[in-house]
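**Student:** Sequence:
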Amino acid sequence: LISSSVLRSPPGHRFEDVPGMRRHLVRKSTKGQIVHTGKDHKEPTLRSRKQDRTPHEVFVELNELTIDKNQEMQWKETARWIKFEEDVEEETDRWGKPHVASLSFRSLLELRKTISHGAVLLDLDQKTLPGIAHQVVEKMIISDQIKAEDRANVLRALLLKHSHPSDEKEHSSPFPRNISAASLGSLITHHHNANHSHPAEPSVTDPLMSTILAPGDQKEPTLVPGIPRSKSKHELKLLEKIPENAEATVVLVGSVDFLEQPTMAFVRLQEAVELESVLEVPVPVRFLFVLLGPPTTSMDYHQIGRSISTLMSDKQFHEAAYLADDRQDLLNAINSFLDCSIVLPPSEMGDDELLRSVARFQREMLRKREEREIKELKSLEEKGGKKSHCKKKEKLFLKEPDDPLQRTGRPFGGLGRDVRRRYPKYVSDFKDALNSQCMAAVIFIYFAALSPAITFGGLLGEKTDGLMGVSELIVSTSVQGVIFCLLGAQPLLIVGFSGPLLVFEEAFYSFCKSNDMEYLTGRVWIGFWLVVIVMLTVAFEGSFLVRFVSRFTQEIFSFLISLIFICETFIKLGRIFKEHPLRRCSLGNGTGDGNATDALTPALNNSVPGTAKVRDEPNTALLSLVLMAGTFFIAFYLRKFKNSAFFPGRFRRIIGDFGVPIAILIMVLVDYSIKDTYTQKLSVPRGFSVTSRDKRGWLISPLGTNGNFPIWMMFACCLPALLVFILIFMETQITTLIVSKKERKLVKGSGFHLDLLLIVVLGGTSALFGLPWMAAATVRSVTHVNALTVMSKAVAPGDKPRIQEVKEQRVTGLLVSIMVGLSIVIGDLLRQIPLAVLFGIFLYMGVMSLNGIQLTDRMMLLLMPPKYHPDHTYVRKVRTLRMHLFTCIQVVCLAVLWSVMSTQASLAFPFVLILTVPVKMFLLPRIFTVREMACLDGDDAEPKFDERDGHDEYSEMHMPV
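Residue numbering for the sequence shown follows UniProt numbering, starting at 1 and increasing by one per position.
Rather than coming from a laboratory, the hints here were simulated on the basis of the structure. Heads up, a few of these hints could be off.
[As the list claims (entries may be wrong)] List of simulated lysine-lysine pairs, DSS-like, C-alpha gap at most 27 Å:
#1 Lys742 with Lys368
#2 Lys572 with Lys425
#3 Lys368 with Lys642
#4 Lys161 with Lys69
#5 Lys741 with Lys800
#6 Lys640 with Lys578
#7 Lys741 with Lys425
#8 Lys742 with Lys375
#9 Lys807 with Lys425
#10 Lys237 with Lys741
#11 Lys877 with Lys867
#12 Lys513 with Lys572
#13 Lys241 with Lys807
#14 Lys97 with Lys315
#15 Lys867 with Lys233
#16 Lys572 with Lys695
#17 Lys241 with Lys127
#18 Lys742 with Lys241
#19 Lys315 with Lys237
#20 Lys867 with Lys800
#21 Lys807 with Lys642
#22 Lys375 with Lys877
#23 Lys425 with Lys642
#24 Lys800 with Lys745
#25 Lys807 with Lys742
#26 Lys315 with Lys113
#27 Lys572 with Lys642
[As the list claims (entries may be wrong)] Computed spacing ranges between beta-carbons, pair by pair:
#28 Ala539 with Ile711: 26 to 32 Å
#29 Ser792 with Arg686: 30 to 36 Å
#30 Arg360 with Glu90: 45 to 51 Å
#31 Leu331 with Ser792: 31 to 37 Å
#32 Pro925 with Thr705: 48 to 54 Å
#33 Leu703 with Leu545: 31 to 37 Å
#34 Arg583 with Ser689: 35 to 41 Å
#35 Pro866 with Val532: 32 to 38 Å
#36 Ala934 with Val532: 34 to 40 Å
We put the CB at the ideal spot given by N, CA and C, even for glycine.
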């Protein structure tokens with residue numbers, strides 16, 4: 001053992017100059033360190049060089065003195081903190097679940113008392129555990145915490161071997177964990193020389209060596225110097241959870257028989273060093289906390305160890321520990337921690353409401369602490385303090401380079417700035433796509449883009465009597481998507497059809513039909529005016545107007561479209577029941593009314609477009625109801641399964657993300673297996689052709705079929721063009737805002753002016769070919785960004801994941817658009833999809849979009865007694881009647897919009913929607929205070945994280961569909 005220790009000792013590593021034999025040498029060793037040995041003892045503060053005080057993330061390990069199966073003392077790891085506490089279960093010797101540490105108030109007071117009287121060694125210049133132990137022991141002697149004759153026993157205790165729960169899993173390893181051989185060899189070498197110099201003084205390592213080198217003990221195998229021990233699977237897995245560049249804190253607590261009173265030492269090393277075999281993972285150690293004492297004292301060593309460990313895992317405290325100049329700074333940090341802690345009286349715990357009230361109380365305390373820090377920062381700024389200077393530099397470094405919505409005051413100035421900001425990174429947009437995650441995202445987003453295209457295409461075909469349908473929508477989605485991904489400033493946006501545009505298409509078709517005008521020709525002139533309007537808007541940098549579209553308007557918009565989807569579903573289902581009424585039929589002796597034959601009529605060949613319309617099939621309505629409800633419930637519960645506790649997180653994510661395609665596939669197979677019942681199928685033309693060949697071609701004449709399109713209508717189309725522009729503007733710009741939120745950590749920027757110009761010009765041009773207009777689809781775009789988001793692997797167990805980066809590139813959107821266009825060749829498969837299945841998808845989209853809108857939640861609160869109201873900001877900060885008044889105003893605006901859509905003036909509903917902006921800006925401030933408006937109309941659409949599997953996703957409920 002001694003020979004292997006000598007081999008592993010680093011060159012020139014000797015302890016001749018290490019103080020530890022006599023008290024006067026300790027005082028000599030304080031040069032270049034900050035040493036506080038007792039409450040009343042004042043040590044001079046000397047620094048030989050500038051210390052590194054940069055705070056790091058902290059990994060904390062709690063070790064307690066225990067007796068192993070061989071009746072020998074050892075340090076055993078009982079808990080660890082990456083952010084939350086993890087304890088070792090005594091029965092199974094395995095790690096329990098991460099949890100927020102709950103501390104006793106007495107243990108915190110005892111901890112504060114020990115730090116105020118114990119030894120505090122700041123910026124200790126030592127590299128090995130024996131050197132640190134010597135310094136700690138001598139400081140304990142100086143501060144009169146231990147007697148001189150206890151030096152050897154305390155030193156021996158500090159150098160006992162460390163055991164960890166993972167050791168049992170690695171029992172087959174040829175290199176068992178023990179005291180660092182290099183450190184022990186250096187210690188033996190040093191004391192061998194020291195004993196020759198001072199033969200009268202007993203060696204402090206005699207007890208240690210007598211334990212380790214006892215007869216019959218197994219010798220540690222010799223290791224080759226310079227070759228590090230390979231990391232085990234357990235270590236690699238744990239290291240992934242620990243943040244990069246983290247530094248460790250070792251907490252050593254326990255009771256020993258040879259001490260008469262507790263002794264404590266808090267150590268901050270000058271530089272973080274790896275102490276071999278001390279931690280379960282090779283993380284450099286920066287802090288050590290030692291607490292030893294007699295077992296007869298009333299002090300609970302375990303709880304005090306948990307207290308200091310929890311403190312060191314707290315961000316505020318460990319930053320203060322890094323920056324502390326003396327003992328008082330540590331005590332002040334403990335006081336700050338206590339200011340934000342809560343003491344629960346000794347009573348039986350109530351239900352979750354009590355826990356929520358505790359959490360709310362603590363949030364209030366944290367908010368007050370933050371306000372105090374801001375006041376202190378302002379006072380320091382006024383005085384020109386050093387801390388103020390650092391904060392200013394930090395703010396300057398973190399400042400946004402420029403605001404994409406800030407006006408330049410020059411014609412097309414915003415457009416030019418978008419081009420200069422984004423296009424220099426054009427090459428990297430293709431290089432960054434060389435990643436497996438991007439390829440996986442293409443498959444998922446393809447289904448996410450194709451499903452709405454099929455669904456909206458089927459409904460669009462019904463609304464326009466086949467003038468535009470699935471074929472046109474797929475072609476438009478593909479072509480416009482490809483061009484936008486190649487030229488757009490934010491290629492992460494997915495261009496697609498949306499609910500508001502569907503409502504407008506239906507309204508404009510009804511208007512043209514009632515006035516005997518050509519619908520497609522009118523769309524051509526609307527497209528022309530769209531180009532004119534967007535040119536004027538971009539020239540005057542009108543995208544800044546999106547700042548005025550607040551949550552008040554967004555919620556009304558989202559709720560309205562969701563309501564349209566839900567109502568449209570049941571209206572279509574009711575029409576099926578009307579066309580195929582249920583009939584009474586009797587079976588038995590043939591005395592029925594003749595309808596039994598109708599009930600058993602074989603299914604007609606309805607997959608070919610243009611066949612005669614089938615009516616009076618008695619089982620069609622019931623089967624359509626089953627298909628619609630089945631599709632909705634399968635998609636809905638597969639989405640909920642994503643956040644369940646069953647199966648691994650990756651498997652749940654796959655099932656949840658592909659819930660809609662799975663629901664469509666299952667119900668199409670159900671319909672296909674029922675041969676004797678008719679259901680209306682999706683009408684898709686064969687090959688690359690328009691939906692209705694007898695009604696239109698691919699090119700639409702601006703003058704009409706016979707050249708008789710009214711001239712006055714050519715100019716009047718500017719009004720519906722303005723309404724279409726409002727819809728595209730709102731959805732595209734709001735989607736860009738959501739995708740570009742700071743939480744996403746996008747680095748390449750976005751371009752509101754350039755993207756709006758591209759999308760509107762492409763839509764206006766596509767009208768010449770009879771193709772639908774497009775906008776940035778909110779849910780699909782956010783889903784695209786989610787699929788490209790890289791979450792940090794260094795996530796503390798039990799903690800929510802953090803976004804590391806987003807793969808910003810153009811390839812995924814480009815491939816998705818190309819694949820959607822190629823889907824036109826699978827028309828035979830698309831013609832097997834019943835319309836009832838698409839109704840189920842629309843019901844799913846409507847319900848999911850309603851579920852998390854704040855307006856929906858507040859409408860539910862109208863029916864609840866106040867004692868059952870949830871713990872939301874707008875509930876706590878606003879009086880109940882005032883909150884209900886705000887809700888009623890939104891409901892009135894929603895009712896006005898719905899009534900406009902239900903009349904002949906349905907074309908004007910985008911204009912009425914825009915009127916909600918001045919209502920919010922000029923009417924509501926006269927009724928509600930600024931604080932109430934901030935609570936009710938604030939932007940809380942922040943990213944939500946799945947706590948189980950670390951999948952990050954925006955809630956669809958906070959966005960327009």
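**Student:** So, for every hint listed, does it hold in this structure?
**Tutor:** Quick rundown of the hints versus the structure:
| no. | hint | verdict |
| --- | --- | --- |
| 1 | Lys742 with Lys368 | holds, 25 Å |
| 2 | Lys572 with Lys425 | violated, 48 Å |
| 3 | Lys368 with Lys642 | violated, 37 Å |
| 4 | Lys161 with Lys69 | holds, 14 Å |
| 5 | Lys741 with Lys800 | holds, 18 Å |
| 6 | Lys640 with Lys578 | violated, 34 Å |
| 7 | Lys741 with Lys425 | holds, 20 Å |
| 8 | Lys742 with Lys375 | holds, 25 Å |
| 9 | Lys807 with Lys425 | holds, 13 Å |
| 10 | Lys237 with Lys741 | violated, 32 Å |
| 11 | Lys877 with Lys867 | holds, 15 Å |
| 12 | Lys513 with Lys572 | holds, 21 Å |
| 13 | Lys241 with Lys807 | holds, 22 Å |
| 14 | Lys97 with Lys315 | holds, 21 Å |
| 15 | Lys867 with Lys233 | violated, 51 Å |
| 16 | Lys572 with Lys695 | holds, 25 Å |
| 17 | Lys241 with Lys127 | holds, 26 Å |
| 18 | Lys742 with Lys241 | holds, 24 Å |
| 19 | Lys315 with Lys237 | holds, 23 Å |
| 20 | Lys867 with Lys800 | violated, 30 Å |
| 21 | Lys807 with Lys642 | holds, 23 Å |
| 22 | Lys375 with Lys877 | holds, 23 Å |
| 23 | Lys425 with Lys642 | violated, 36 Å |
| 24 | Lys800 with Lys745 | holds, 16 Å |
| 25 | Lys807 with Lys742 | holds, 15 Å |
| 26 | Lys315 with Lys113 | holds, 22 Å |
| 27 | Lys572 with Lys642 | violated, 30 Å |
| 28 | Ala539 with Ile711: 26 to 32 Å | holds, 27 Å |
| 29 | Ser792 with Arg686: 30 to 36 Å | violated, 50 Å |
| 30 | Arg360 with Glu90: 45 to 51 Å | violated, 35 Å |
| 31 | Leu331 with Ser792: 31 to 37 Å | holds, 34 Å |
| 32 | Pro925 with Thr705: 48 to 54 Å | holds, 53 Å |
| 33 | Leu703 with Leu545: 31 to 37 Å | holds, 35 Å |
| 34 | Arg583 with Ser689: 35 to 41 Å | holds, 39 Å |
| 35 | Pro866 with Val532: 32 to 38 Å | violated, 53 Å |
| 36 | Ala934 with Val532: 34 to 40 Å | holds, 39 Å |
In summary, the numbered hints that this structure violates are 2, 3, 6, 10, 15, 20, 23, 27, 29, 30, 35.
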